[in-house]
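For the record, the sequence lines run as chains A and B.
Mind the numbering: the first sequence is residues 1 to 267 in our numbering, read in order.
Mind the numbering: the second sequence is residues 1001 to 1252 in our numbering, read in order.
It is worth saying that the hints were derived from the structure and are not from the lab.
For glycine and all other residues, C-beta sits at the position ideal for the given N, C-alpha and C.
Heads up, a few of these hints could be off.
Claimed, not checked - For the chain B half of the interface with chain A, some residues (derived, Cβ under 8 Å), not all of them: (1) VAL1047; (2) ALA1051; (3) ALA1055; (4) GLU1117; (5) GLN1118; (6) ALA1120; (7) ALA1121; (8) GLU1123; (9) MET1125; (10) VAL1127.
The primary structure of each chain is shown beneath.
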Amino acid sequence: MKNDNLVQIDRVTFGYDQRVILSDITMTFPRGKVIAIMGGSGCGKTTLLRLIGGTLTPQRGVVSFDGSPVNPRDRESLYALRRRVGMLFQFGALFTDLTVFDNVAFPLREHTTLPEPMIRDLVLMKLNAVGLRGAAQLKPADLSGGMARRVALARAIALDPELIMYDEPFAGLDPISLGVAANLIRRLNDATGATSLVVSHDVRECFLISDYVYVISSGRIVGHGTPAEVQASDDPEVRQFIDGEPDGPVKFHYPAGEYGADLGLRS
Amino acid sequence: MWALGLLRGLGHSAFFLVDLLRSLPWALRRLFLTIAQIHSIGNYSLVIIAASGLAVGFVLALQGYYTLSRYGAAESLGLLVALSLVRELGPVVTGLLFAGRAGTSLTAEIGLMKAGEQLAAMEMMAVDPKERVLAPRFLAGIIAMPLLAALFSAVGILGGYVVGVLMIGIDPGAFWSQMQNGVDVWDDVGNGIVKSVVFGIACTFVALYQGYEAQATPEGVAQATTRTVVISSLAVLGLDFVLTALMFSAPR
Chain A
1 MKNDNLVQID RVTFGYDQRV ILSDITMTFP RGKVIAIMGG SGCGKTTLLR LIGGTLTPQR
61 GVVSFDGSPV NPRDRESLYA LRRRVGMLFQ FGALFTDLTV FDNVAFPLRE HTTLPEPMIR
121 DLVLMKLNAV GLRGAAQLKP ADLSGGMARR VALARAIALD PELIMYDEPF AGLDPISLGV
181 AANLIRRLND ATGATSLVVS HDVRECFLIS DYVYVISSGR IVGHGTPAEV QASDDPEVRQ
241 FIDGEPDGPV KFHYPAGEYG ADLGLRS
Chain B
1001 MWALGLLRGL GHSAFFLVDL LRSLPWALRR LFLTIAQIHS IGNYSLVIIA ASGLAVGFVL
1061 ALQGYYTLSR YGAAESLGLL VALSLVRELG PVVTGLLFAG RAGTSLTAEI GLMKAGEQLA
1121 AMEMMAVDPK ERVLAPRFLA GIIAMPLLAA LFSAVGILGG YVVGVLMIGI DPGAFWSQMQ
1181 NGVDVWDDVG NGIVKSVVFG IACTFVALYQ GYEAQATPEG VAQATTRTVV ISSLAVLGLD
1241 FVLTALMFSA PR
């Protein structure tokens, strides 16, 4: 039986030394869907992507991809897995010494023995999909932040991955680029039949494009469901996050001693 | 605590070196990457190497003449210049310049690639950055360094000729024939080549390690670049003494 869930995270706990980043997380990512993982900065969202990509090992629990567990110690299988995954880094992480064209061609040249004319056609198709065919000969330094991220997206989908992971795809974009990025994520997902995983704190865009939403706060899942369900949730932590209230279950102040005492007003 | 940290660093770098050596066959298979690196490490160092070689040759001839003429042995100036350069100054000064010119740029480049998540992106694309980025640079450094050292010595000898023969007026026949008789291919030139290969390995390895392990921040890259120069220079000077002592023999 073919597994309906492309990625499964089963009771995963992860932390550095004493600090726990993720505790007892269970998630499933069904094939063909766009899943959003939302949460404040530093809540462990990016760590989750690293666990799936196998750059980190969970302390407890299992991350499995297409039915088999991700094992960071087995290089062969890990690299085989990564060839089926595309990842968009927060700031694109383009190779600054290569042109836009060569950046997108990079995974094709590294992993295939396709003849150069075919690579050229594939690269131009991917660049056309993100609307930047005309920018093929530019260097990454000549691109705006939004364009760089679209090039990085073209590079991430160069090998037609089954899973596309987006790390903060909306951070620092102007409203137009933001709309373009959100639209692209949804359109690419539906056109290629891939599964998309969007890690973001951009509430509006995530609700707009995703099929299923997880809300994480301080390493735990505090809410999940379809965008409509999450929006109707009355969990105080979920409410604070989606309404953007400065104070609530997540405190405005970093834990500190008494204010007056720090200023020397009282002994 | 301090000693433990030092030991841990040494162990870590040893594993890094083993990884790097294992990746070398990969770099041999994709030679065009290495050739591009030889171009950027080697070609762009040519000017500083040639200029320094010339200056050192000039000074060696002047100082050598000063000493040799006291013993009436000014005719041996060619031999003195050639031996000093080929056996000692060529590899060592080139090593120091190489650490400053090529080593720093390697460290900064790789440190910034790491800071820009380029190495992480490569890894997520199932491309090992040690193979794709580090190994070609390592190989290029090992190839470029002896060539640069040879060039340094050659230009230095020409500098010695300019000062000794053209300016001071030593007999050109004596200058060249003494050099030809006195310099042994294996003992002297070979000695210099072995040194320059070892310095090439040491400098390139230090530069790559510092870049790869740099903290991914502006201060981190700055510190790593400084450490590259300091550690490579000390390594060149230390290794030079060890190698000279190991290969030492009386002239026949």
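Against the structure, the hints:
Taken as an interface hint, VAL1047 (chain B) does not check out: its beta carbon lies about 22 Å from the nearest beta carbon of chain A, beyond 8 Å. For ALA1051 (chain B), the suggested interface contact is broken, since its CB lies about 28 Å from the closest CB of chain A, more than 8 Å. The beta carbon of ALA1055 (chain B) comes no nearer than 33 Å to any beta carbon in chain A, farther than 8 Å, and the hint placing it at the interface is violated. With a least beta-carbon distance of about 4 Å to chain A, the hint placing GLU1117 (chain B) at the interface is held under the 8 Å criterion.
With its C-beta approaching chain A no nearer than about 5 Å, GLN1118 (chain B) sits inside the 8 Å limit, and its interface hint holds. Against a cut-off of 8 Å between C-beta atoms, the interface hint on ALA1120 (chain B) holds, since the closest Cβ of chain A lies about 7 Å away. Look at ALA1121 (chain B): its Cβ gets to within about 4 Å of chain A, closer than 8 Å, so that hint holds up. Against a cut-off of 8 Å between C-beta atoms, the interface hint on GLU1123 (chain B) holds, since the closest Cβ of chain A lies about 7 Å away.
The criterion of a C-beta within 8 Å of any C-beta in chain A is met by MET1125 (chain B), whose closest approach is roughly 5 Å, and the hint holds. Interface hint status for VAL1127 (chain B): upheld, as the beta-carbon distance to the closest one in chain A is roughly 5 Å, under 8 Å.
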